[in-house]
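Chain B: place on chain A using the hints.
Protein chains in written order, with our numbering: chain A, 1 to 96; chain B, 1 to 493.
Worth flagging that the hints you see were computed from the coordinates, not collected in a lab. Heads up, some of the hints might be wrong.
Said to hold, decoys possible - Across the chosen pairs, the derived CB separations fall in these ranges:
| # | chain 1 | residue 1 | chain 2 | residue 2 | range |
| --- | --- | --- | --- | --- | --- |
| 1 | B | T32 | A | E74 | 57 to 63 Å |
| 2 | A | E64 | B | I21 | 18 to 24 Å |
| 3 | A | N32 | B | D247 | 48 to 54 Å |
| 4 | B | D250 | A | V66 | 31 to 37 Å |
| 5 | B | R265 | A | E74 | 27 to 33 Å |
| 6 | B | T245 | A | E74 | 33 to 39 Å |
Just so you know, even glycine gets a beta-carbon here, dropped at the ideal spot from N, CA and C.
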Amino acid sequence: MALTLEQMRHTAKLARLELSDAQLIELMRPINALMEHFERLQALPLDEVEPTSHSIPVFNAFREDVVGETLPREQALANAPEARDGLFIVPRIVEE
Amino acid sequence: MNELLSLSLAEISQKLQNREISAVELTEAVLTHISVAEPQVQAFITPTPELALEMARQAQARLDSGERSPLLGVPIALKDNLCTAGVRTTCASRILHNFVPPYDATVVKRLREAGAVFVGKLNMDEFAMGSSTEFSAFHPTRNPWDLERVPGGSSGGSAAAVAAHMAYATLGSDTGGSIRQPAAFCGVVGLKPTYGRVSRYGLVAYASSLDQIGPITKTVEDCAIMLNAIAGKDPHDATSVNLHTPDFRDALIEDIKGIRLGVPREFFAQGVQPEVAETVRKAIGLLESVGAEVQEVSLPMAEQSLAIYYILAPAECSSNLARYDGVRYGLRVGAEKGHIGMMEATRAAGFGKEVTQRIIIGTYALSSGYYDAFYLKAQKGRTLLRQQFDEVFRQVDALVCPTTPTPAFKLGELVDDPLAMKLADVLTIPVNLAGLPGLSVPCGFVNDLPVGLQIIGKPFDELTVLRVGYAWEQLACLQDELRMPRGLAKVLA
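Only chain A is shown next, with the shape it has when bound in the complex (with noise of 0.2 Å):
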């Protein structure tokens, strides 16, 4: 199940992550090590167990619908790489 270059490559881009090939096969001999330890998950007998994402039992957390307090926006802005006229600035999007 070992991971190859092209699926570094595919799923460095998938997670947004700007990686040579150099940098990616550094990382393919821990991630292989990992994915060559899941192998002996494929043995277990699972066909008819439920799936667990949540290990204490709690369901439809409810709370009353009241307003509350919500963060200044001078606030929100305060650790922003850029910001102008209230809004957060990011590389331009949309081609003129």
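For chain B alone, coordinates are given in the frame of chain A:
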């Protein structure tokens, strides 16, 4: 070193309440000690001496007005993945190196209200991913027992700071052992509460279905005091559970006659060093000699836990860490590359190798065509593990076993070995997967390094876990030996 520093939280709290020392004097003494010990241990990312003195003055005013509460005026410190309003919170990552949260985590808010004094933010593995604190983007932390060794991780700074008496207690977070493993390595007490016992609001998320905040302290009593302050339902965290929060100090009774303790066979295999197993078995024997009923039990799925964890945790992390994209906070690199190019460049520059590795594993495990083979299988495996725990807890009240397979390893020793480092968590991970409470208490030494006894309980039964831990602590009489870590003592002498 000022002898007040080696007292427990409960002891120093009494002195504050009896006016034997003021909160400001005490905080000054702690800050002076930090200035001497910290260059050796490097437990902090951001010390906050000015904030500490300000909080100490406020605490003293409350003490002067007659208010009494166990944390009022007590210097503590926080893992740097807990949001602190106005104080930089980095997660030991380049990508958050300049992030100043606009709000407090719920646990931070509660400690503030209880009057605790914050002396700083503590080092950790980047985004809590690691077992040695060597994956911090800033610097490694050293184990106060042997400065050439790791303090464990990911809450390595939290454990080392308590062991080195730079704080009376700290908070850590535990996703696969990140409180208990460093507590064991540093000879202190660490508790991972039941999932849902403590609000995660304001804890920077790693793997949301496993993460839980908990205390690291010098004694079990201190642990109960800290848990009292942070536990309880929080409207900001829908996974926090609406259950009665007991007074956890009720657990502090020495008598454990009739308590049924299970010894899980698999937790003495899996690479557990024979000397560690022997030390823990001796402790269990002593508990039996004072009336605990001990029986061997089996949890075969525990041996699959590492595989299950390293699918589920990276899958959740790949989703949680998608938010670091250079737009709203943190690092931004490559603004000239367009918005996608900027995100890719920012994330590549901002995350360290271990985090990048886990994001890739998690993204792959969740990607189209592989979901059933990895993520779904791991979730089903988690169900089987939980069922086996449920089964065992029909026969016993708590489980006792080692916290870690070995004592602390050397700095650099495992950093390049992809699996060996992860095996340091092999005995703690099953507890997170099942959502259970787990406590590590010091139980002896192997080659002059502390070893931890792990006590695992039923969901929301922290009382029994703390009770067994307290009974052991009273029996063991290790307090004098644990008081001053040898490595630090040598360089400070």
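Against the structure, the hints come out as follows:
1. B/T32 x A/E74: 57 to 63 Å: Given range 57 to 63 Å: violated, Cβ gap about 38 Å.
2. A/E64 x B/I21: 18 to 24 Å: Hint violated: Cβ distance 45 Å, outside 18 to 24 Å.
3. A/N32 x B/D247: 48 to 54 Å: holds (50 Å)
4. B/D250 x A/V66: 31 to 37 Å: Holds: the Cβ-Cβ distance is about 34 Å, inside 31 to 37 Å.
5. B/R265 x A/E74: 27 to 33 Å: The hinted range 27 to 33 Å is violated for B/R265 and A/E74, with Cβ atoms some 58 Å apart.
6. B/T245 x A/E74: 33 to 39 Å: Because 36 Å falls inside the window, the suggested range holds.
In summary, the structure is inconsistent with hints 1, 2, 5 from the numbered list given earlier, while agreeing with the others.
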